[in-house]
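Need the complex rebuilt from these two chains, each delivered in its own frame; the hints are there to steer you.
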Amino acid sequence: AQSVTQPDIHITVSEGASLELRCNYSYGATPYLFWYVQSPGQGLQLLLKYFSGDTLVQGIKGFEAEFKRSQSSFNLRKPSVHWSDAAEYFCAVGSLGGLTFGKGTHLIIQP
Amino acid sequence: GAGVSQSPSNKVTEKGKDVELRCDPISGHTALYWYRQRLGQGLEFLIYFQGNSAPDKSGLPSDRFSAERTGESVSTLTIQRTQQEDSAVYLCASSLRGRAGELFFGEGSRLTVL
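In order, the protein sequences belong to chains A and B. The opening residue of the first sequence carries number 1 in the numbering used here; numbering runs sequentially from there. The opening residue of the second sequence carries number 1001 in the numbering used here; numbering runs sequentially from there.
Everything labelled a hint here was simulated from the structure, so no lab data went into it. Please read these numbers as outputs of a predicted model, since none were measured by experiment. Among the clues, some could well be false.
[What the hints assert, rightly or not] Simulated crosslink set (DSSO-like; lysine-lysine; CA at most 27 Å straight-line):
no., chain 1, residue 1, chain 2, residue 2
1, B, Lys1057, A, Lys103
2, A, Lys49, B, Lys1057
3, A, Lys61, A, Lys49
4, B, Lys1011, A, Lys103
5, A, Lys61, A, Lys103
Okay, chain B solo, but in the shape it has when bound (with noise of 0.2 Å):
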């Protein structure tokens, strides 16, 4: 596709439950992030990927919080146990190698935990 798509775009969990959000980055851009944010609040820094390189985790908030991406493809975000604090707005983004700061986001999940 010509953008960043997440899926799902709202997902409304119990308490306890588990999720795995989505991302499928533009196609040919090595570094993909998580961003999360809160009602009112900025963007909080969760995850960046960068083709094969280990991937920068130092902005989970807890391992409840995990992350995988393929090669330089789609990548998932799972929250276990979900509490009612992890509702957000999920953000993915991606940029092409060498252009630092210049992200493309996708529209986001939107996050509700009852």
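Only chain A is shown next, with the shape it has when bound in the complex (with noise of 0.2 Å):
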């Protein structure tokens, strides 16, 4: 069975800092991940996928994403985070039926 963990529930950091939310799947496969954000008040939106080649992935908003086969691992990083940032980072692997969803990062930005 397919599985998501994000280890962090809640993160601080200040504005301007950079920005690190991990995130380790279980997967039988090869697998597509994917990072979500859900903002207060708005619906969720993807900031990036991974299905295959480059394990360094770009985004929206500035955000990147890291495969790693190895550690089972696909950690978000954002060099230098703004207030807008503030919100809840979701973590997500599958495939065409669907995908499962950590519990997800809520993510403070202090001034």
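And the structure:
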């Protein structure tokens, strides 16, 4: 069975600081991996995806993520966060039949 | 419309009543998904429709839950004899055929069972 673990329930960073959100997955084959963001009062939005090829993928809003097969990880990074990045971030793994989501990491931005 | 539309946005009901939630996907999106998000939890897969194929109902938590979709259009999620543990945000998403995992979500229907 596939599963996703996001070890950090909450993360607080200062505006302008770098960010890394952790994600570990369990999947029986080469995974499709995703990061979604849920801003207050808004629906979930796809940030980026990994299907194959280059293990470093770029997404919207300046985010990137790196697929590391040896560590079963797909961590999300951003060099410099903005106050508008405060949101809930979900890592997901899956394929055509739908995605399995992690429980999310709540990102708090300090001024 | 431009995005996935869900209604109602909020629903308060009494324990034991039936509720119906509606999802209008993006035009042309053949795949449609329902997820449940309980407070402080991740998204829990409920059901998946792909075109005219038989739906994947493997995530429905009990026989009180059912969903229908006519062709590649509107879907309704019905919860019969609601229980307090059904209180959650019910999210609908749609995607294009072949674009696995690239889901476009609606803003959800918040269900509160008293």
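Exercise. Verify the proposed pairing of Lys61 of chain A with Lys103 of chain A, using a straight-line Cα cut of 27 Å.
Key: holds, 22 Å
Quiz item: Is Lys1011 of chain B close enough to Lys103 of chain A, meaning Cα to Cα at most 27 Å?
Solution: Roughly 24 Å between the alpha carbons, so the hint for Lys1011 of chain B and Lys103 of chain A holds.
Quiz prompt | Proposed proximity, Lys1057 of chain B with Lys49 of chain A (alpha carbon, max 27 Å) | solution = holds, 25 Å
Exercise. Quickly compare the C-alpha distance for Lys1057 of chain B and Lys103 of chain A to 27 Å and report which way the hint goes.
Key: holds, 21 Å
Quiz prompt | Restraint status (C-alpha distance of Lys61 of chain A to Lys49 of chain A at most 27 Å) | solution = Holds, because 14 Å separates the two Cα atoms, which is no more than 27 Å.
Every hint from the earlier list agrees with this structure, and none is contradicted.
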